[in-house]
Amino acid sequence: MLQKDVKLDNTSKTWVLEKHIDFLQSFGKERHQYESSMMEFLRMSGMYWGLTALYLINDGKIPKEDEIFEYIKSCEHSCGGYSPAPGHDPHLLYTLSAVQIACLLNRELELPIEKIVLYVSKLQQDDGSFTGDKWGEIDTRYSFCALACLSLLGKLNEINLVKAVEFIKSCQNFDGGFGSRPGAESHGGLIYCCVGSLSIAGRLDLVDADTLGWWLAERQLPSGGLNGRPEKLPDVCYSWWVFSTLNILGRDHWIDKEGLKTFILASQDNEGGGFSDRPGDEPDPFHTLFGLAALSLMSHDKILPIDPTYCMPKAVINRLGLKPQTLSRP
Amino acid sequence: MESLIKHYNSLKQIIFGIFKRTVGQFILYKVSGAVFNMVDQNQEHKSDSPDLYDSADNFNYVLYRDRPEWKDVQPIAQDDGPARVVQIAYSTKFSDVYDYFRAVLKSGEKSLRALSLVTDAITLNPANYTVWIYRLEIVKHLKVDLNNELEYISNVIREFTKNYQVWQYRKTIVEMLNDPSGELEFTADILDMDSKNYHAWQYRQWVLTTFSELMQYELNFVDNLISQDMRNNSAWNQRYFVINNSDPDSDVINKELEYTFGKIRILSKNESAWNYLRGLLLYSENGVLEDKVRDFCSNLYNKGNRSVHLMSCLIDLTDADESTDPENVEKIKFALKLCFDLASDYDPIRRYYWAYISKDIELKFNFKEHDTKILLLHTMSSSALEKIPDVGIDDKGRYKYILIKVTDQNDSSNQSKYVVRGGQRFDFHGN
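Here the protein sequences come in this chain order: W and C.
Take the first sequence: its letters are residues 1 to 330, numbered as in full-length UniProt numbering.
Take the second sequence: its letters are residues 1 to 431, numbered as in full-length UniProt numbering.
Wrong hints could be hidden among the right ones.
To be verified - Computed list of lysine to aspartate or glutamate pairs in EDC-like fashion (alpha-carbon distance at most 20 Å, straight line):
hint, chain 1, residue 1, chain 2, residue 2
1, W, K257, C, D345
2, W, K261, C, D347
3, C, K368, C, D291
4, C, K171, C, D223
5, W, K4, C, D229
6, C, K171, W, E166
7, W, K257, C, D347
8, C, K263, W, E137
9, W, K7, W, D59
10, C, K364, W, E137
11, W, K232, C, D194
12, W, K134, C, E175
Calculated from the structure, these hints are not laboratory results.
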């Protein structure tokens, strides 16, 4: 059986910056009709993807700031959580997205911080893990959401951080990676969540950086793209999850960056702007953010610098006085 | 109660009827999985039609607003809020169902017709967890037969195998039933469609740890999957999960070692099997397992095998061996040669990794003099260096070009690159 990968035939490396700006500003118009109605349940995150991406390539400018902030307020619940759209239930995922957007707008102090802290800390379980909502699903993604959310608000001390770190450690696998729960398979997205959490907690000493770095470097395929698990196809979003983790661990030079750039640029929609999961597919804001964010980590033309831990503009993380831990090159 | 169940069963026919009609043409949008997307190429049900629900197949579908039995309910439209940053465009059917769902949610109605409405809402968007929570409340309130509910969720999962909510719902129903008897078979079915489905594996692990008497059959199951596809990383991970949970003695570990050797002999470029082998080494005491693995690897290597993982494993074994035995010098030389071969021939895209490992071995064993040093000169891997344009030349004027070697003082790797500059600042000279 041959290794799974994609072929980059006649793919363009042209950088269509202006088109990406147009794409992000017009997302949700007619041509994306169906996708949009499917996005309601994660709309708050959709806004975070779109706005962060726009910030990175539009000189930090975000249009309609007041309207956006009002939208966040309309998704606020008395418990302190945020829903993806008005009238939905609050969830930790969208609470993080709401806080991230407020930080982008430099208006996080206008949020009901004490309530948010209470909401997030109540989701922590005895073993240190977090559920995403009262529905009760446990996943290391939610550990990251909780730690990122509280640290952005300067309230990391309001949860049991020692326990939270212990749970993440318990999800570490024999291959150096991390999964969603103890015993679950190592997965690029979840590794980002776990390493990101440890970066926020200042506990990267718990990571076996060489073993994990090697596993992550192995995610690069001959096309230059990265996959999330062995024997899976490459996907632009793993250009972020895998590459940013390597960056946090000081080992991003272990892969071939030129190859990765080529793969990401080949996944652009040269006509309408935006990025898709892999060359030739339909673009969306999710892959657009993660494609741009990975290019930002590689200092690509005219993209503002991004923070590898938070996936937010470096300028915003600096303004908040945050210094997520990273490892220097060995 | 009996009549209620009867009613429900007939309703079920109607519900499933609708479900089957719509689902066949349903798109599950790529980001519907989650913020931390675990989408998969096999997942998407794509269609070119922008509004499926107006298509001819559904001509006899009646909107809720036109159904006489819903006349007493005032639908509640979606409040999009003031911002239009990410606009939502709804199809008629989608808006109709969700307008009535919002009304039912608000009034708290828990009836059979509400259950039917919720079923439609789930069919349109199974990722909406509000709908699932409300479904569970209705099911509990109406005391619906949980076996029917299990059958229902089985059908939904078969259509939407990678959705978080559907698996969470199944877990809740199985907990309430306290009966896992069909669970291994069901997850096996789903894994038969995609043997790497993360949700299915995660759920299966929950079943096995919650109902631990089922664990005894698991190794057989994993064995079959690995036989079908030796590169199935999920299956190897599950194998580790089973062994690790069984508190294995050295016999078990030795058996696993032999099993893995067997698979590697068939397919040596298999990352998953090699990773599993490393996992087994964590059980080693006094280097016993390492010796076996080293023999196995040397044997393969001597037969001409140059799998990256084989070479990597040999290097790791040398690196782990602290012995100062003179024979070790040969081993160190060999490991350094392997690093060199990997960086130059077998795995050049990860050459910086191999350069690092090589240097690490040099330092660890204080072994500086050898002829397989990996030299990576004038490269641009440093991010600070990357920011400096290669060429910077003014448009106008007469001037000289100069070649500059740039190094980053903050970067301990001493990397450098050459750049060209030309401009009025640089005086022209004759030759």
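Verification of the hints:
no., hint, verdict
1, K257/W x D345/C, "holds, 19 Å"
2, K261/W x D347/C, "holds, 19 Å"
3, K368/C x D291/C, "violated, 27 Å"
4, K171/C x D223/C, "violated, 25 Å"
5, K4/W x D229/C, "holds, 13 Å"
6, K171/C x E166/W, "violated, 25 Å"
7, K257/W x D347/C, "holds, 15 Å"
8, K263/C x E137/W, "violated, 36 Å"
9, K7/W x D59/W, "violated, 34 Å"
10, K364/C x E137/W, "violated, 45 Å"
11, K232/W x D194/C, "holds, 12 Å"
12, K134/W x E175/C, "holds, 17 Å"
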